[in-house]
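Numbers -5 to 368, taken from our numbering, label the letters of the sequence shown in order.
It should be emphasised that the hints constitute simulated quantities derived from the structure, not laboratory data.
You may find that some hints are simply not true.
With beta-carbon atoms standing in for the labels, derived distance ranges [unchecked claim]:
#1 Glu47 x Gly73: 34 to 44 Å
#2 Arg108 x Asp351: 37 to 47 Å
#3 Lys84 x Arg60: 34 to 44 Å
#4 Ser334 x Ser72: 21 to 31 Å
#5 Asp280 x Arg(-2): 30 to 40 Å
Lysine to any residue pairs mimicking SDA-like chemistry, simulated, CA-CA at most 25 Å apart [to be verified]:
#6 Lys259 x Asn163
#7 Lys352 x Glu260
#8 Lys15 x Arg69
#9 Lys5 x Phe134
#10 Lys28 x Lys42
#11 Lys317 x Gln68
#12 Lys276 x Gln68
Cβ atoms here follow ideal geometry from the backbone N, Cα and C, with glycine treated the same way.
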Amino acid sequence: MVWRLLRPDAKKVWDDDSVVKTLLKRYWDIINEKTTAKYLITKRIDAKVELNEDLPKLWNAHERIRKSFKNMIQRIDSGELEYDSLDNPKVSYLELKVELAQRMLEECIFCERRCRVNRREGEKGTWCKLDERARISSAFLHHGEEAPLVPSGTIFFTSCNFCCVFCQNYDISQVYPENGVEISPEKLASISRNLRREGARNINYVGGEPTPNLHVIIESLQYSDINVTQLWNSNLYCSEETMKLLDIMDVWLPDLKYYSDECAKEFSIVPNYWAVVSRNLKMAYDYGGLDHGEIIIRHLVMPNHVDCCTLPILEWIAENCPKSLVNIMAQYRPTHLVGSNKKYSSINRRPTSAEMDKAYKYADELGITWKPVS
């Protein structure tokens, strides 16, 4: 396989017992057909509600199931409960999620911007600039992701709910949010199946930002029956309601950009960043078949922001998500608006080796597992 030549670390990483037996155990078991992807399990759970009920009743039904879902996953993973023994219900947990996502689209609160426009009627989100149609710019086997994810079946959605002044994908996320091709749930499912046939170890929803496309992504799973890991690759600035619908994800690949809200406002034009994203990370960490959700946190080290953002972020991860892998990224470069606007002169360079070494050393002191993915 080509990826074994391009990325030998993608094979070697699975020799690390901390990855296989603890941090990404369930993901490894899905790859080896020892357990079942969560979205398939949601198809066998009886929602015990009619989809034409009012919104509060639908959410009550969802919450009742969500609170017991983790226990069901644990039983299936342990072999106590056989997935194939579960019947197909009249209305499934997955179908309930699809209906809730469509209702949310009528007064959109997918992300924490909560602009509440009716995207189903053609209105466009204040920040994402999207109506109900989802668009993708590309879909391919990605060999550049973190080692455990390679090869990754990566689907790049257009648009974003952030406005990062240093965005490297600004052409699809900010400048031309309506580029790419329109995608239906059925077509998205077909793309996912093809990526799996080509050897993808996961289906990786990314962008831009996948959150504005939540309704299409969840509905696409109704048309899929392949046992493959679902991966949410996001800035994680989504609403709590969205996070509840996303307990369907097997692995999380969130950005954790800033600790300082002032930095978030200045460089990504986003309010209340830390409270929202740290809340969502805690929710993701609580999901899973073991005692934790399976997460690879990406932190992009920015120049002149090690003390205000990087170090306190690493402290928070060590305390709140200790069984997460952390990619401490040195890939920042001044792009998009940074080089042309003196306002952003403090980040108009690459991080230095001294800044990166300070981050790596502190991660080691805190006991954070970063080397397999950084």
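Let me make sure I understand: some of the numbered hints might not hold for this structure. Which ones are they, in numerical order? Those not satisfied are hints 3, 4, 10.
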